[in-house]
Amino acid sequence: MKEYLPQIGMVGMSHKTAPVETRECFAFDTGVLEAFVTTAKENDILEMVYIATCNRMELYFVSPHIEDATQRVIHLLEQFAGLTRDRFEPVLYKKYHKEAVRHLLCVASSLDSMVIGENEIVGQVKDWYRWATQHNTTGTILNKLFHQAFRTAKRVRTETEIARNPLSIAFIAVELAKKIFEDLSKHRVLLIGAGEMAELILKYLTKFKIGTVILANRSLHNAQRIANEINQDATIITLAEIIETIPRVDIIISSAGAHHYVLTKDMVQEALKKRTQPLFLIDIAVPRNIDPAAGHIRDVFLYNIDDLKSIADENLKNRLNETKLAYQMIEADTEEFLHWYESLQIVPLIAKIQKTFETIRNDELKKYRRRKLKHLEDKDFAIIEELTRQIMTKTLHIPISYLKELGTHCHSKEAKEKANLLKEIFKL
Amino acid sequence: MIVIYILVLLFIVASVCSVLSIHKDMPLHERTTKVLTSIILLMLVVIGYFLPVYGAGVYKIHIFIFFYLTILFLTLLTLYMAVSQWKNDYRSLSAILIPLTTIIAITSLFFINSPRYMVISADNGIMVIHIVLALLGEVLFFVAFASSVLYIVVSWQLQKKTSMKFINRFPSLTVLSRLTSFSLSRSFFFFTAGIIFGIIMLYQFYGNISSGSPKEILMYGAWGIIFILWLIKRAHVTSNYYLSIIIIVSFLILVIVFTASNVVVTSGFHSFR
Chain A
0 MKEYLPQIGM VGMSHKTAPV ETRECFAFDT GVLEAFVTTA KENDILEMVY IATCNRMELY
60 FVSPHIEDAT QRVIHLLEQF AGLTRDRFEP VLYKKYHKEA VRHLLCVASS LDSMVIGENE
120 IVGQVKDWYR WATQHNTTGT ILNKLFHQAF RTAKRVRTET EIARNPLSIA FIAVELAKKI
180 FEDLSKHRVL LIGAGEMAEL ILKYLTKFKI GTVILANRSL HNAQRIANEI NQDATIITLA
240 EIIETIPRVD IIISSAGAHH YVLTKDMVQE ALKKRTQPLF LIDIAVPRNI DPAAGHIRDV
300 FLYNIDDLKS IADENLKNRL NETKLAYQMI EADTEEFLHW YESLQIVPLI AKIQKTFETI
360 RNDELKKYRR RKLKHLEDKD FAIIEELTRQ IMTKTLHIPI SYLKELGTHC HSKEAKEKAN
420 LLKEIFKL
Chain B
0 MIVIYILVLL FIVASVCSVL SIHKDMPLHE RTTKVLTSII LLMLVVIGYF LPVYGAGVYK
60 IHIFIFFYLT ILFLTLLTLY MAVSQWKNDY RSLSAILIPL TTIIAITSLF FINSPRYMVI
120 SADNGIMVIH IVLALLGEVL FFVAFASSVL YIVVSWQLQK KTSMKFINRF PSLTVLSRLT
180 SFSLSRSFFF FTAGIIFGII MLYQFYGNIS SGSPKEILMY GAWGIIFILW LIKRAHVTSN
240 YYLSIIIIVS FLILVIVFTA SNVVVTSGFH SFR
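For the record, the sequence lines run as chains A and B.
98 is the number that numbering that gives the first Met the number 0 gives to position 99 of the first sequence; each next residue is one higher, with no gaps.
184 is the number that numbering that gives the first Met the number 0 gives to position 185 of the second sequence; each next residue is one higher, with no gaps.
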């Protein structure tokens, strides 16, 4: 049965195998890519999807003779990238059949990404798949494979914690703020000083629509620069005004270049007497700006740079632990796809049987139309035509259902024997 | 009888699922919890239909019926959480509400055959209103207790500064504080209304506004505590953390006193004479 079924293959390079100088040569623009797929189609490549991101370039394709097709694809890459084969072939990976399927599922689920669990990759794969469908370079097999990859990516994202906990320090700070205050738009943030990381956290907070921004800085010029950069109205105060401002804010990010505590435990305690809401303190400065003892006050949550870093490390560890579960899902989904793929082997046989019956039906109808039924009007003959079609469809329904079931076990010896018997019976 | 045991068993399974939904973070556990809670509610309705409440022109209310109503209201409230403004936090709220309801359900088993009951005239609609309102008040105070426990847990986790894996499964502190506020205010409203109807009923039937029973005293005590807590919350007298601790302590004291008085005072206790 196998000779009917085209094979799946892929070639590619990623951040794991190739330097950016090599990868960038294969980032084709749309015009070049259109020419590439047109040439590929002429080279016995039945289906093709090209994926290019900043970390990888991959080509998934379907061809009846997959190993020859791979060589032709590499030759095309050589032609279109303008690089000699020996310069990129060592960094190129080639995968066939199950390996190729599993690889795509891993890529879409971000298990092969530079940052495991990142969310962008599935969107990028979807974009390239859309491009391929718009240019008619996909067919039954790659359509099914890519839809399976998107389903698997969704499963991995929702059923594991792989993408849940952030890894960047700035994003962790924002997530913690959301864990305390939920809706940031109703809260106020005070930025003391102007460190790079503190500004990044502030930018993230404004991205999540923080209510009010207050900037305290020794230099008003610096404060104004930050206000312009975050593109949000901000109140600028002097360092001396901090004490009276603390009770009115919910988040304080401190990054001042001071060699003493800008905020002491007493100052925080005094501020808490005037408020009942929690207070979130982020101390990014080294040496620290906020007295660590302030973190022991109830409803005060003080995080310094090491705390945020250790959460990032812990989150990364959790993500890596989750990959085991994700790989199990990918393995199961790969098997599910291959099960469907194997069942395709029976499709040509089903098509041949249907065609044989259809030919017989048409021939007989034509014969009768010419002789015994020539007195019938067209509309009456159309009824007979419909009747014979219905009889044929219903007659074939049970055997075709049986064949489809057979298709799901088509690698077994018994299934092959049954298929061969059918071919003999119908002289196919 | 067997149906009640099946119900308790379902409660135990639902509790395990609700805790697993937090522990394992799998949507399947959350879905199973919702399905089981819905089945439990249906069973409670069916059980309620067959409970021997009415007979010969009077309502004969056994102590078990109080447990039944508490469980019914808590189950309704848990399901309400799944469809209301709290639906995003249903998972963590159910993980505390369902196990606590399960404890009440298990406790109720010891009172199934209790001979303690009270008889009220079937014409007395006010009694039913009084019971329903007062129980709703108690159940909502129970929710305030549950959200306060969660507030303390999340607060501790945030101060521990470990992974976000655990914190992410719980609602934010603001949401929990809002839920405490929501349940306290409604608890106060229903409890007050329940007491007013109780007074009207007493006056109508006994010509007195107080029976002086231990349970009545306990009810006024509970109302006073809920009133003070509600005032503290409204007036922002203390931080949410300390208010949560006060709520937890108050609730536990009330539960202990209530349970102890039910065990110690076996006669002349409120209407269960």
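Please note that a few of the clues may not be correct.
Heads up, simulated SDA-like pairs for lysine to any residue below, C-alpha to C-alpha not over 20 angstroms straight-line [to be verified]:
| no. | chain 1 | residue 1 | chain 2 | residue 2 |
| --- | --- | --- | --- | --- |
| 1 | B | Lys164 | A | Ser167 |
| 2 | A | Lys316 | A | Asn118 |
| 3 | B | Lys23 | B | Asn87 |
| 4 | B | Lys86 | A | Thr157 |
| 5 | A | Lys185 | A | Asn230 |
| 6 | B | Lys23 | A | Thr392 |
If you're looking for bench data, these hints aren't it; they were derived computationally from the structure.
Model, not experiment: these values are computed from the prediction.
Here's how the hints hold up against the structure:
Annotation: proposed proximity of B:Lys164 to A:Ser167 holds, straight-line Cα distance about 15 angstroms (limit 20 angstroms). A threshold of 20 angstroms between alpha carbons decides the hint, and for A:Lys316 with A:Asn118 the separation of about 18 angstroms falls inside it, so the pair holds. Pair hint B:Lys23 plus B:Asn87 holds up; C-alpha atoms about 17 angstroms apart against a cutoff of 20 angstroms. Restraint check for B:Lys86 and A:Thr157: satisfied, since their Cα atoms lie roughly 18 angstroms apart, inside the 20 angstroms limit.
The hinted pair formed by A:Lys185 and A:Asn230 meets the criterion: a straight-line CA distance of about 18 angstroms does not exceed 20 angstroms. About 50 angstroms separates the Cα atoms of B:Lys23 and A:Thr392, which puts this hinted pair outside 20 angstroms; it is violated.
In this structure, the one hint that does not hold is number 6.
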